[in-house]
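*Asks:* Assemble chain B with the ligands onto chain A, guided by the hints.
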Amino acid sequence: MIDLQEMILEKDRLIPLLRKLKKESRLIAPVTNKHGDTLLSEINNIDRDTIDLDRQPQNSLKSFFLPQQEILAHYSVDTTGYNFTAPEAAKETIYFGVRSCDLTALLYMDLIFSKPAKDASYYDRRNRSVIITLGCNDPFANCFCEATNSGPYLDYGYDLQFIDLGSSYYVAAGRRKGADLLNKWDYFFRTVEEEDQKIRYQLFLEARGRFNRNIQVSHACHKLQEEEVAETIWEKLAGRCYDCGGCAYVCPTCTCFSVDDMAIDDSHGTRIRSWDACTSSGFTRMAGNHNPTDRTRHALKQRFLHKLKYDYQKHGKASCTGCGRCVDICFGGVDITTFIEMFTRDAS
Amino acid sequence: MNTNFIPATAVIREIIRENDTISTFRLELINKRVPFSFRSGQFCMLSVPHCGEAAISISSAPNALPLFDLSIRNAGELTNAMHQMKAGEQVGIRGPFGTPFPMADFANSDMLFVAGGIGLAPLKSVIDHCLFQSGLEADAVANITLLYGSRSPSEVAFTTAISSWKEQGIDCRLTVDAGDDSWHANVGLVTELLQKELITKNTKSLICGPPVMIRFVIARLTEMGCASHDIFTTLERHMKCGMGTCGHCHLDGKLVCVDGPVFSLEQLQTMDVMELGT
Ligand SMILES: Cc1cc2nc3c(=O)[nH]c(=O)nc-3n(C[C@H](O)[C@H](O)[C@H](O)COP(=O)(O)OP(=O)(O)OC[C@H]3O[C@@H](n4cnc5c(N)ncnc54)[C@H](O)[C@@H]3O)c2cc1C
Ligand code: SF4
Ligand code: FES
Numbered sequence: 001m002i003d004l005q006e007m008i009l010e011k012d013r014l015i016p017l018l019r020k021l022k023k024e025s026r027l028i029a030p031v032t033n034k035h036g037d038t039l040l041s042e043i044n045n046i047d048r049d050t051i052d053l054d055r056q057p058q059n060s061l062k063s064f065f066l067p068q069q070e071i072l073a074h075y076s077v078d079t080t081g082y083n084f085t086a087p088e089a090a091k092e093t094i095y096f097g098v099r100s101c102d103l104t105a106l107l108y109m110d111l112i113f114s115k116p117a118k119d120a121s122y123y124d125r126r127n128r129s130v131i132i133t134l135g136c137n138d139p140f141a142n143c144f145c146e147a148t149n150s151g152p153y154l155d156y157g158y159d160l161q162f163i164d165l166g167s168s169y170y171v172a173a174g175r176r177k178g179a180d181l182l183n184k185w186d187y188f189f190r191t192v193e194e195e196d197q198k199i200r201y202q203l204f205l206e207a208r209g210r211f212n213r214n215i216q217v218s219h220a221c222h223k224l225q226e227e228e229v230a231e232t233i234w235e236k237l238a239g240r241c242y243d244c245g246g247c248a249y250v251c252p253t254c255t256c257f258s259v260d261d262m263a264i265d266d267s268h269g270t271r272i273r274s275w276d277a278c279t280s281s282g283f284t285r286m287a288g289n290h291n292p293t294d295r296t297r298h299a300l301k302q303r304f305l306h307k308l309k310y311d312y313q314k315h316g317k318a319s320c321t322g323c324g325r326c327v328d329i330c331f332g333g334v335d336i337t338t339f340i341e342m343f344t345r346d347a348s
Numbered sequence: 349m350n351t352n353f354i355p356a357t358a359v360i361r362e363i364i365r366e367n368d369t370i371s372t373f374r375l376e377l378i379n380k381r382v383p384f385s386f387r388s389g390q391f392c393m394l395s396v397p398h399c400g401e402a403a404i405s406i407s408s409a410p411n412a413l414p415l416f417d418l419s420i421r422n423a424g425e426l427t428n429a430m431h432q433m434k435a436g437e438q439v440g441i442r443g444p445f446g447t448p449f450p451m452a453d454f455a456n457s458d459m460l461f462v463a464g465g466i467g468l469a470p471l472k473s474v475i476d477h478c479l480f481q482s483g484l485e486a487d488a489v490a491n492i493t494l495l496y497g498s499r500s501p502s503e504v505a506f507t508t509a510i511s512s513w514k515e516q517g518i519d520c521r522l523t524v525d526a527g528d529d530s531w532h533a534n535v536g537l538v539t540e541l542l543q544k545e546l547i548t549k550n551t552k553s554l555i556c557g558p559p560v561m562i563r564f565v566i567a568r569l570t571e572m573g574c575a576s577h578d579i580f581t582t583l584e585r586h587m588k589c590g591m592g593t594c595g596h597c598h599l600d601g602k603l604v605c606v607d608g609p610v611f612s613l614e615q616l617q618t619m620d621v622m623e624l625g626t
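These protein sequence lines map, in sequence, to chains A and B. Residue 1 is where the first sequence starts when you use my numbering, and the numbers rise one by one after that. Residue 349 is where the second sequence starts when you use my numbering, and the numbers rise one by one after that.
Keep in mind the hints are simulated off the structure, nothing from the lab. We treat Cβ as the ideally placed atom computed from N, Cα and C, and that holds for glycine. There is no bait here: all hints are sound.
Capping the alpha-carbon separation at 27 Å, the derived lysine-lysine pairs in DSSO-like fashion look like this:
1) A:Lys91 with A:Lys118
2) A:Lys177 with A:Lys115
3) A:Lys223 with B:Lys602
4) A:Lys317 with B:Lys602
5) A:Lys118 with A:Lys309
6) A:Lys177 with A:Lys22
7) A:Lys309 with A:Lys115
8) A:Lys118 with A:Lys177
9) A:Lys184 with A:Lys22
10) A:Lys20 with A:Lys91
11) B:Lys380 with A:Lys118
12) A:Lys309 with B:Lys602
13) A:Lys236 with A:Lys223
14) B:Lys549 with B:Lys514
15) A:Lys309 with A:Lys223
16) A:Lys23 with A:Lys11
17) A:Lys22 with A:Lys11
18) B:Lys602 with A:Lys236
19) A:Lys115 with B:Lys380
20) B:Lys602 with A:Lys314
21) B:Lys602 with A:Lys118
22) A:Lys11 with A:Lys34
23) A:Lys115 with B:Lys602
24) A:Lys184 with A:Lys91
25) A:Lys20 with A:Lys177
26) A:Lys11 with A:Lys177
Distance windows between CB atoms, simulated:
27) A:His290 with B:Asp525: 17 to 27 Å
28) B:Ala575 with A:Arg345: 34 to 44 Å
29) B:Ser576 with A:Arg345: 30 to 40 Å
30) A:Ala117 with B:Glu515: 40 to 50 Å
31) B:Ala423 with A:His268: 18 to 28 Å
32) B:Glu614 with A:Leu205: 48 to 58 Å
33) A:Arg175 with B:Leu484: 50 to 60 Å
Partial pick of chain B residues on the chain A-facing surface, computed with a CB cut under 7 Å:
34) Asn352
35) Phe353
36) Ile354
37) Thr357
38) His398
39) Gly400
40) Ala423
Extracted from the complex, chain A is given alone in its bound form (with noise of 0.2 Å):
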């Protein structure tokens, strides 16, 4: 067990502390860029570099532990025979300003990648990680976290938690390697107030109400456990669903991959893993053309049953985070909220 340890960071300390951190490990952030889009990426400056805690990153942390593409290996076939290699270490990062979503989802991730044995990769850089979060005090348009349990706070799984209290941030450490950080800038921290935490609360109970959309998600689980969906529900969504793969692209519990080798030359190549869509046609195709899944009629259904009926059912809780960015991607209007309101209205 950790000590728990709750301390103030006055706003002009800021960046004084990210510079320090930044000195240690490779720093993420939200940063502005010369688009004007607000997206998690390495601060390299920190003086120049806008970062922006006002706007959700439009990207969430999977590509950093599960990038769109990494190398998992590499080989050789030579006269010494077939060969394979580990790649590179990961570096040592520290997250900062991450969304509460984006964290439970870094949870989800954990767990997907455990089992039966830890990915090798994956484990490489998440045991090199800090996360600091970022509670949200202003829910965004498309977010819904609170009808998933993924925010507005968290109470668990963030190495820091901040906590923007007008002039200051409340800081909370969940964690051994947060804990640490506390221990190690205290200097840069006050002590917490008995009115620091009354306003705290009060921003929650704020936060909690100000979400635009009422999904209910919880509902559609249950539901999910006693009845079939109507075949017209999934025929409607894969009528419009044009195969783009945005959804699972933004989504940060979206983890599946396929894994190809590619050839350097005649006797080198890297193994290579890249994000993958169970909502394309080729996701599940076999040699002759064999398909299981009929895209039709079906190519929505795996990727809504595995976050609201399997995922309940194997963790008692749906892997949909309530970010909202699917919301945001799909031109088409079939995200996950349209078939939570199709189904949980449909009567039969």
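*Replies:* Leaving out everything else, chain B with the ligands in the frame of chain A:
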């Protein structure tokens, strides 16, 4: 088990040509990190240089270790490259993966194997294992019958194994979809060989072959009164990892690579499975 995608290296010790498109590759691991053992019904991920990986069942019985067999049908890029390889060359192996057949439950049973084409590969491991155990009173099965269907006489595979099984007292019945002058055994679908007298209260049926074959054999066995917990099959799905993370082999909430590939009909009946036509 490997926690990453780095295979152990295996040398091809021998290649047995089974027919025009199927060969059995007898392998031996040379740099395994942990002792290699497996049970009948499990599969490996086979790496062939520059071609990636494919899931292949182990077709020999565990007692033949350190040698083990992969019987491979030339079906595409990787399997074709494998067919170009020669004895002495090296391939990569990860595994074994998946659930095996419940061999302990087969003691004293009348074993009925129904296979089509390359589908005999995983069942061959079980048959060889049953024969290996036949001296051990407690674990031995009572009887073994094999019904094996091929498209044509030239496509009949595993003929060496089948003649050896016949010599050891196994009732092997072969059929082809279309015969020719050289063919003296049955002509017709493998389901036509499924006659009442083959079934006892003690029959355990193990099926492997193309999806339509699996469906019709299961229907016929059920019609003849076989219970769903006495019927087993092994399913094929697109697989990329073999260890339950890539998601490709999904099957109604299960993953074929870890929850299967061996399933009893009793398990399959609770799921939405293409092979059962549901
Ligand atoms: C559990 C299991 C056991 C198997 N046992 C055997 C066996 O003993 N003997 C045998 O000959 N074949 C077996 N197969 C089938 C074998 O895996 C495929 O024939 C092989 O992957 C085809 O690869 P290819 O590159 O030659 O074909 P291509 O058509 O060129 O490539 C097929 C593509 O689909 C992917 N793929 C993934 N899984 C499969 C699959 N199951 N079937 C087809 N393609 C797949 C491949 O990675 C590749 O990208 C088994 C499959 C499974 C799932
Ligand atoms: S399904 Fe949509 S809302 Fe849920 S976690 Fe994935 S992207 Fe976010
Ligand atoms: S093959 Fe990857 S999950 Fe089954």
